[in-house]
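Quick mapping for you: the protein sequence lines, in order, are chains A and B.
So the first sequence is numbered by the working numbering: it starts at 10 and just counts up by one.
So the second sequence is numbered by the working numbering: it starts at -11 and just counts up by one.
If you're looking for bench data, these hints aren't it; they were derived computationally from the structure.
Misleading hints may appear alongside valid ones.
[Unchecked claim] Lysine to any residue pairs mimicking SDA-like chemistry, simulated, CA-CA at most 20 Å apart:
(1) K82(A) - P102(B)
(2) K347(A) - N101(B)
(3) K203(A) - F156(A)
(4) K82(A) - E172(A)
(5) K347(A) - L14(B)
(6) K217(A) - K98(A)
(7) K347(A) - H18(B)
(8) K347(A) - T224(A)
(9) K98(A) - R323(A)
(10) K276(A) - G249(A)
(11) K347(A) - T15(B)
(12) K82(A) - N101(B)
(13) K347(A) - T12(B)
(14) K347(A) - A83(B)
Treat the numbers as computed from the prediction; the structure is a model and nothing was measured.
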Amino acid sequence: MNKVVDMDKSAVNPAIMGNPEKKIGQQTLIFPSRPVIASTATIAGPKEGEGKLGNRIDRLLEDNLDGQSSWEKTESSMLEWALREAAGKAGGLSTVEVILAGDLLNQLMATHFGIRNLGLPFLGLYGACSTFSMGLLLAGIIVDGGFANKVAIGVSSHHNTAERQYRFPTELGVQRPPVAQWTVTGAGAVVLAKTGEGPAITCATIGKIIDMGETDPNAMGPAMAPAAADTIAQHLLDTGRDPKYYDLIATGDLGTVGKTLLIAFLKDKGVDISHNYEDCGCMIYHKEQDVHAGASGCACSALVFCAEFYRLMRAKAMKRLLLVATGSLHSPTSYQQKETIPCIAHAISIEI
Amino acid sequence: MNYLAVFVVGGLICVIGQLILDLTPLTPAHVLVLFVVLGTILSGLGLYQPLVDFAGAGATVPLPGFGYALATGTMEDVDKYGFPGIFSGGLRATASGITAAVIFGLLMASVFNPKG
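Could you put together the complete structure from these sequences and hints?
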């Protein structure tokens, strides 16, 4: 047994393999050219409009359908709008060389149908609600690696499409348990450019799948908290940074329950983030909106970053942000087969 | 007094259903099946009839009442026709409920366009 462990270690031991020049520690990539987030765009539903970010979102829908004939079409059109808008603010759609995008639906339905009219090179991403940081990370690799000068990243989610796929048809009126989170209706897009003004992504930590045996798909915050803890601890270890290095450490959508758990998990690992930590899932809706444990969905971290953090960073009110979008990687089929929920979190360090 | 019995018994059955939804991971579909099956078993054992005598609609309208109709209908037809009654009684006794569900379901589906 010991021998096997030794062999595994030697396989990734930098002393033997030699750490690649843009990798530090076990899981962290550095982007020496500091790709810049040149623009952002946000679009969201009416419930999000009534929430905490309401007046900072670029475009609000009047209702969850927005004149389309299905929820999925609405989600696609939101994603398309966000990508076009973000690209428009950063020199136009024709200057974008690659699009990275994803959503929560099977076969990335919202993304594929939203992208099909854009006529640009495209890679679809699935990382559930971690897709936004996954997209930033991969875009960082593409831009820093010199494969493109401008990459657009877009993610979307829609409350009703997510309910239909993962839970119950909304018309059934199934009561939501207190630990449940509300999938955000919206889309967020950013353009990452080789040069320009604005916050830059400086390094990123690729997360590992962590499965602690949670089976309740209504309790995704608690399921994802261990993955977030693992990635944050690894990021700090790899970079040698103290949590205080960051003005804010923000997780994607752990919600009120997962947020409390994450602080406790990291305390157990000897890391104290209680002073500069917030969860994007707790920054979308007001308490009176009765969404229970907060917000979730791909658009959750994207909306909060694009509509709030990005603005604060441009105004220099926030200088160092660690964005850790978290994803719960179960499927409706895995749930029916009584599988546990594998979770992941990727961390992006954004600095100005 | 009748009304009070109906209200209390019917209400208590619903409270049990609500507690199951609040305290267990079971869904409304589980509660529906559980209540109908329980109603059928209790009626078959003769344990539900006293509740119906006491509370009337308070016991027959909620979900276990459907099980009660299934069980009593089956038993009546078995008494009347013997073995084939097992297959006819349950549906005969619940025919009005089932037909109403089909008709109203069809009506709603033709008037509205469900999107969920």
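Consistency of the hints with the structure:
For the hint linking K82(A) to P102(B), the alpha-carbon distance of about 15 Å falls within 20 Å, and the restraint holds. Between K347(A) and N101(B) the CA atoms are separated by roughly 32 Å; this puts the pair beyond 20 Å, and the hint is violated. Of the supplied pair hints, the one linking K203(A) and F156(A) holds, its CA atoms being roughly 10 Å apart against a limit of 20 Å. For the hint linking K82(A) to E172(A), the alpha-carbon distance of about 15 Å falls within 20 Å, and the restraint holds.
For the suggested pair K347(A) and L14(B), the alpha carbons sit about 14 Å apart, so the restraint of at most 20 Å is met. For the proposed pair K217(A) and K98(A), the alpha carbon gap of about 34 Å is over 20 Å, so the pair is violated. About 16 Å separates the Cα atoms of K347(A) and H18(B), which keeps this hinted pair within 20 Å; it holds. Taking the CA atoms of K347(A) and T224(A), the gap is about 7 Å. The hint holds against a cut of 20 Å.
Simply put, K98(A) and R323(A) have alpha-carbon atoms about 15 Å apart, close enough for the 20 Å limit, and the pair holds. Only pairs whose Cα atoms come within 20 Å are accepted, and K276(A) paired with G249(A) is accepted, the gap being roughly 17 Å. Between the alpha carbons of K347(A) and T15(B) the distance comes to roughly 15 Å, so the proposed pair stays at or under 20 Å and holds. For the suggested pair K82(A) and N101(B), the alpha carbons sit about 16 Å apart, so the restraint of at most 20 Å is met.
Distance hint between K347(A) and T12(B) is fulfilled; the C-alpha atoms sit about 16 Å from each other, no more than 20 Å. Taking the CA atoms of K347(A) and A83(B), the gap is near 36 Å; set against the 20 Å cutoff, the hint is violated.
Hint violations for this structure: numbers 2, 6 and 14, all remaining hints satisfied.
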